[in-house]
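Following the hints, put chain B in place on chain A, whose structure we already have.
Each chain is listed here by its residues.
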Amino acid sequence: MAVAPPAGLAAPATSADRAKLSAPAPVNPRQTGNNTFQFALGNGMQVLVIPDHRAPVATQMLWFRVGAVDDPPGLSGMAHFFEHMMFRGTKQVPDDAFSQIVAKNGGEDNAFTDHDYTAFYEEIAKDRLPLAMKLEADRLANLDLSDSHVGPERDVVLEERRMRVDNQPQSLMNEQMMAALHLSHPYGRPVIGWTDEVRRIDRASAQDFYDHHYAPNNAILVIAGDVTPDEVRKMAQDAYGKVPARELAPRAEFAEPPRLAETRMVITRADAKVPLLDRIYRVPSYAQGMPGQAEGLETFAQLLGGDQTSLLYRVLVEQKKLATDAGANYDGDVRDAGEFSVYAVPRPGVSLEALEKAVDQVLSVSTIALPGDADLNRAKTQLVAGVIYRRDSQFALASAYGQALAIGLTVDDVNEWPARIKTVSAEGVRKAAQMLQRRQAVTAYLVPGSDK
Amino acid sequence: MKRLLAGLALSVLAAMPALCLLAPVPAQAANIQNVDLGKNAEVWFAEDHTVPIISINISLPGGSAYDPAGKAGLANFAASMMDEGAGGLDSKAFHEALANRAISFSARAERDYVVIGITTLKENAPEAMHLLQLALTRPRFESEALTRVRAQIIQSLEQDQAEPPRVASRAFMRDFFGDHAYAHPVSGEIGSVSSVTAVDLRNFAHGHWTKYGLKVAVAGDITAPQLARLLGETFLPVSGAAPPTLPNVGRLGAPGVHLVPLPVPQPSVYFGLPGIMRHDPDFIPGYVANYVLGGGGFSSRLMDEVRVKRGLTYGISTSLTSLNKASVMAGSVATRADAVHQTIQVVKDTLAEFAANGPTQQELDDAKTYLTGSFPLAFASNSGTASQLGTFQRQNLDIGYVARRNSLIEAVTLADAKRVSKRLFDPARLTVVIGGSPAEARGPQIPVPLPPGNPPQPAPPPAGAATAQAPGVASQGAMPEPKPANKPLAGPVTTPKAAKKP
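Those sequence lines, one after another, are chains A and B.
Count the first sequence with my numbering and you get residues 1 to 452, in order.
Count the second sequence with my numbering and you get residues 1 to 502, in order.
In case anyone wonders, no lab produced these hints; they're calculated from the structure.
Here the structure is a predicted model, which is why all the values come from computation and not from measurement.
Backbone N, C-alpha and C define an ideal beta-carbon position, used for all residues, glycine too.
Any given hint could turn out to be false.
Claimed, not checked - Under the rule of at most 20 Å between Cα atoms (straight-line distance), these lysine to aspartate or glutamate pairs were calculated in the EDC-like manner:
#  : chain 1 : residue 1 : chain 2 : residue 2
1  : A       : K273      : B       : E158
2  : B       : K122      : B       : D221
3  : A       : K320      : B       : D90
4  : B       : K309      : A       : D147
5  : B       : K309      : B       : D282
6  : B       : K92       : A       : D375
7  : A       : K321      : B       : E142
8  : B       : K325      : B       : D90
9  : A       : K242      : A       : D138
10 : A       : K321      : B       : D90
11 : A       : K321      : A       : D373
12 : A       : K431      : A       : E353
13 : B       : K122      : B       : E47
14 : A       : K357      : A       : E318
15 : B       : K418      : B       : E353
16 : A       : K321      : B       : E144
17 : A       : K422      : A       : D375
18 : B       : K92       : A       : E318
19 : A       : K273      : B       : E163
20 : B       : K422      : B       : D338
21 : B       : K309      : B       : E353
22 : A       : K422      : A       : D331
23 : A       : K431      : A       : D373
24 : B       : K325      : B       : D282
25 : B       : K92       : A       : D373
26 : B       : K309      : A       : D202
27 : A       : K320      : B       : E144
28 : A       : K321      : A       : E353
29 : B       : K92       : A       : D307
30 : A       : K242      : A       : D230
31 : A       : K320      : B       : E142
32 : B       : K325      : B       : D398
33 : A       : K320      : A       : D373
34 : A       : K134      : A       : D144
35 : B       : K309      : A       : D373
Stated by the list, open to error - Just so you have them, the derived chain A footprint on chain B, three or more residues with Cβ under 8 Å:
#  : stretch
36 : 35-47
37 : 83-97
38 : 312-326
39 : 378-384
If we strip away everything but chain B, and leave its shape as in the complex, we get:
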C-alpha cells in the first residue's frame, strides 16, 4: 500500500516544484508594519485594498484571570456588556448604530485578555471606532441591560451543566490549576455571576479596559497614515493605567482519572499535562511534536488509533497552549458510554509510546511541510489575517516573528522532537476528567469535589484544546445559542476552519 502511495506522489509531484519549496512567508507577511500608538501599546497592520473591508482585532489585559475573589465571570460579564450602551446611547441605540451600518462588533473574555473583534465596511470605519471609544470609556452598565445579560449568562451556564464537553473541561481546569486564577471558568459560576453589580463592572472596566498593554491587529482597506490617525483619536481618551499583574502558578496537574457523573449517551473525556511556555526554546519543537501526536486531524497518531482503526470517536485532538503564566497540553475525546475506559487506555498507550520514541523522521518531515505550507492559508482574508496577527500579539511575540516563524519550524530536528516528546507526554502524570457516566466501571476514579453550594460548572475549553486552535485562549461567548440544528452537516473531521497557527 505504501508503495502505491509513493507511486502516486511521484506521478503527481514530478511535474511540480519540490515539496518543501513553498515560500516560507505569505505574500502579506512582508507587508505587516507597525503603526505608532504611543508606548505600552502595539499595532500591527497588513494593508490590502482588494475588498473594501477592514478587520480589527484588539486585545486588552482584562481576561478572566483578573476576576476578583467571589466574582468569577466578571471579565466575561463586562465583555458581554461592551455593546450594551455607552455615552449618549442606551443599549437599543448602541445596537442600532452598529446595525444601521452593518458593523460587526464582538467582545469575549479569554483567560488573559478580553478580545474585541470589529469588521466594518471601509466607509464606516470612523463610526465603528467612535462606538468602540464610547464603549471603552463611557460604558453605561444600565440595570435593564445588566439584568438581561445576567439572565442570558446564567441560562447558558445552566445548559452547560448537561453538556459533557463543558462539564469535563470545566472540571479539568479546576483540577489542573488548583487555586490559581486560571482554574475558574471564564464565564464564571451561577453564584458568582449572580453577585456581580454595576459597580463591579465599572471598576473592572476602569482597571482593565486600558491602553497599557493594548494590542491591535488590523488588516484591510486603509492606509497606514489613515489608520494611525484613526487609532490615535480613538484611544486618546482611553485610560493608560497599568493593570495588576497576575500571580505565578504553583504545581500543575492532578494526576488520575476524575469522574463527573452525567446521564448522557456519549460522555466526554478531557485530559492534559503541563505544557511548555511560549518563550521556552522547546515550545516550537513541542508544538511540532503535538501536531504529530494529536494536532493534525486525520494525520495524527491519536486520530489514527482512536477513530480510524477503532471507530471509537468522531474526533480526538490535542493542543499545546501557553497562557501568560502557565502552559498546558490538553486533549479531548467523546465516545459511547461503554467505550470510555477502552478509549482512555488507547490514549494512554499512544502517549506512552510517543513519549518513549517520539515521532519518526517521516512524521516529523510531514509535520513540517504541513505547518509551514499551511501558514499562508491564515492570511487569505482580512479577517483571517487580523485574527492570526492578534493571536501572535497575545503570545507576546515581536512583529518579526511572522517572517521568522517558518524557519523556526524547519529548524526542529528529530533529536529535538524526541527530547521534547519525553518531556511533554508522560502518561503517568496525566490528569483525566470524564464528563458523563461510563457504562462499565473500571480503574480507579476520583470523584470531583464540587465547589460549595454549586453544581458542577462546565467551562469553555481552556485553550481551544478541543479544537485544533493554537496558542491563544479561545473561550465561548456567554450568549445561549438556541438556534436549532446546524446544517449542512460538516464532516468527517471536526477540525475547525481557520485554526490559528503557532
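Pulled out of the complex, with its shape left as it was, chain A reads as follows:
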C-alpha cells in the first residue's frame, strides 16, 4: 500500500498524546489548511474532512493509534491479527456481513496495520457514507470475538505470512535485518508476527487487546470526498457520538540503546535465485529529528536512489556495470527511529563484496562532495510533484493525513512539507549523507544456494 510521505517537526508522539485526545476540541469544523477541516466529537474522536467533489463518492478511513509496537510480549502479530478479527462480526452484523453489506452498497473495504497504527477504510457512494460510518461504529463498540472465528482467522494469518514472508527470501531477509537493527524497540518485531507467537494468540488475549486499544478517544476519522465539513459533523456525531470513551492502556515508551557496532549477515537460500545486497541504517524520523534532518534524508534518498537518474543507478548500473538495479529509500513517517535503506542487485558474475565496495564509494563521495544543482533540483521537483499527484486520489490524500495524525504529526506538518523540501540545500543533503553511520546499520547479503 503506497502511503505518500507526510512530514513534520512535531515533538515525538508519546503516551501523552492519548491524554490530549480527551481534551475538549472544537465542536464545529475548523479550517486547518487549504482544503482540510478538523473537529472532535465529545468522546474524543478526532475528525478530519477533505472535500473533493469530482465524483459522487467518498473515502472513510478510521485510524487507530495502535499497531504492532503494542503487541503484548510473546504475542507478536496481535495488532495485525486483531485487524483481521474486526471483519469477523458483531452481534448485529455477524460473521463476515460487514464486507458483504459494504459490497452490496457498491463499496470497497479493507484495512492495514503497521508498527504505529492500524487503519480501516471504505470507498463508497457518498449517500452510503452514513451506512459505512454506522458499520465502523458498530464494530468499534460491539465486536463479538468467538473461538469459532479466532481459530480459522489465525490459520488465515499464517497463510498470509507464508505468502508474504516464508515464500519470499527477500522478505525473510528483511525480517531478520529489522530484528537485528532495533536492539530492543518493537520496530524489530515483524508486524505480521513470528509464526510460533501468532499460534499462541487466543480469544482472551484478543479481547484484552480490543478492550484496551479500540476506543473513540484513540481514533482519527478521515473523510475525503464529495462531502462538506458540516455534513460530516452531523453524520459522525450520529454514528460515532454514542460510542463512549474508554480508559486506554498507556502506550509503552521505548528508549532504544545505542548501537555500538555494525551488524552483518549472510543469508543463503535455495529459493533465492538472484543475489541481493541490502543495508538499513537507523536514522532520525520526522517526529524525532532536529529541524530539517528528515527533509535532508528524504532528499538525499531521492538523489541517491530514487529512480534511474539517481547516483546509485547511474554509477553502479550504467557506468560501472556492476548491478542490474540499485536504489535507496527513506522511511521517516514513524513515531520513533526512522530507517534509511540502500540496495543493489549484482550483475551475473559480480560478487556482493565488490558491489558493496562500490556502494560505499558512492556513499563516501556523498559525504564530501556537494550535489550538483541540476541533480538536487530534480530530486526536489520530484518530491514536491508527488504531493500534487497525491491530490488526484482521495485514498492517497486520506492516507497521508491519517498517517501523519496517527504518528503524532499535525495537518500543518503535512501542508508545509513541500515548502520545507524546497528549502533543502546542497549542504543539507551532504549532512544527511554524513548521518549514515555504519555502526547504525545492518548489512545483509542474500545468496542463492542450498540452505540445508
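Same frame as chain A, but now just chain B:
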C-alpha cells in the same frame, strides 16, 4: 443471525434512498467525449480541472501475442526499452528529461496490446508528449541500454522460477492455450530473451508502434481543442501501417491436475476454464455470475468456502477475461503444502454446485448492487478514469458503453445467470496447475512438460486472474523489484484497489 442482520439494514437504511437507486452513471461519464485523431485511431476524453494533472492511457497493437517464433518476450522487451533513449536523447538524457519535470512514463506489454501510461502536471504536457513522440518514432535501442535491460529481464525471469504463483500461472497458460500465441509468457523465456537483437526490437517497433488501431484515453486538466492539437502533433509522424492480424485459437484447456514441483512452504494453484468472448451477449451475465462465485472478495462463494469457513488461504479469486482472440475464466489460490488437495477439492465442489444451481436471487441482486454501485469509484481520480477508459477501449467497446454499462448489468435475470453458470463452470473440464510440492500425494497428476532446454518459466497471471481485475490483460513489468518488505501490511483481503470494472 440473518434476522439481526436484516434489522440493522433496516435501521440504517430506512433513512436513506432505496438501495438500488444509485445514479447508474458517474458524474464524469456524461462528460466523456471523442476527440478526432483521424481514422483507425480512437480518443476518449474526460475533462476535469480540479487538479492540475493530466493522465493518459495509450494502447497500441503490440502485445506479446505478436512475438515472432523463437522471440518470446520481444514485445515486453521493446516496451521496457521505450524510455531508454530516442532521437537526440540517450538513455540517461531521456530519463532526466522525464525526471526534471516529474513526468511519470511507463510502458508494459500485455498479450494483445502494449499499454503506455503517462501522468504529468498540466504545464509539462507538451514536453511529455514530445518525449512520447520521440520514443515511438525514433527509438535508439543502443547496446548499453539493451544489455542492461536484458540483464534485468533475465534476472526477473530467474527469480520468477522460485515463485509459486508465477510458476503456476505460466504453466497454466502454456497448457491452456497449447500452441497459440497467447500460450507463452509475456516476458518470454530466458533463452528467447537472450536471443533478442537491436534489429528485432527495431522491426517490432516499426510494425507495432503504429497509430493503426491506436486507442487513447485522457482524463484531467486540459480542454478538448488543446488535447486535439497536442495529440495531432504528437502522432503526426507516427507510422499508420496496419499490424498483422492474430490467428484464431483452437481448442482451449487441458483438463486435469498438472504439477510443477517446487520446494516451498506454500504452493500456488492456478485453475481455469474456457470463458466467454466480450462480444458474446452472455459475457455480462457471465461476469455477474463470476462475481458471485469468485470475483467478489469476501462476498464470493469461494472466499467463503475456502477462507472464511476453513481458513485454508489468505485469498482466492476468479476472473472472467476476454482477450481479442480467446476468453478464459481463471482463478488462483495459495495454501500450505499439506492442504493443497483439500483446497482443490473444495474449489471443484464449489464449482460443481454453482454450475448445477447458479446463484440465488439474493446473490444475484447483491452482485448487481455492488457492480453498479461501485462503478463511480473507478472515476474518482484522473488516473483511475484514464485507466478505466483504456480498459474499455482495449475490449473494443464503443464510447456509449460507459453510459450503457450499468443498465446491461441490471438487465441480467436469474435465468440468464443460471444458464451461463452451467456454460462456464464445469469442473470436469477444469485445467488445474499446482506450482509447488503438495505434502500429501493424492489424485492423478500430470507432470508438466518443460520447453526444450529451459526450466519452467513462470508467467505473469494471464489476465489479472489472481487479482480482481476485470477484462483487459494485466501483466507484470520486467524490472526486478528487490525493494524489501512492504509495509504497512495490507489485509485482510488481497483484492487490489482500483480493480477495473467490466
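Hints the structure violates: just list their numbers, smallest first.
Numbers 5, 8, 11, 12, 20, 33, 35, 36 - these are the hints that the structure violates, sorted from lowest upward.
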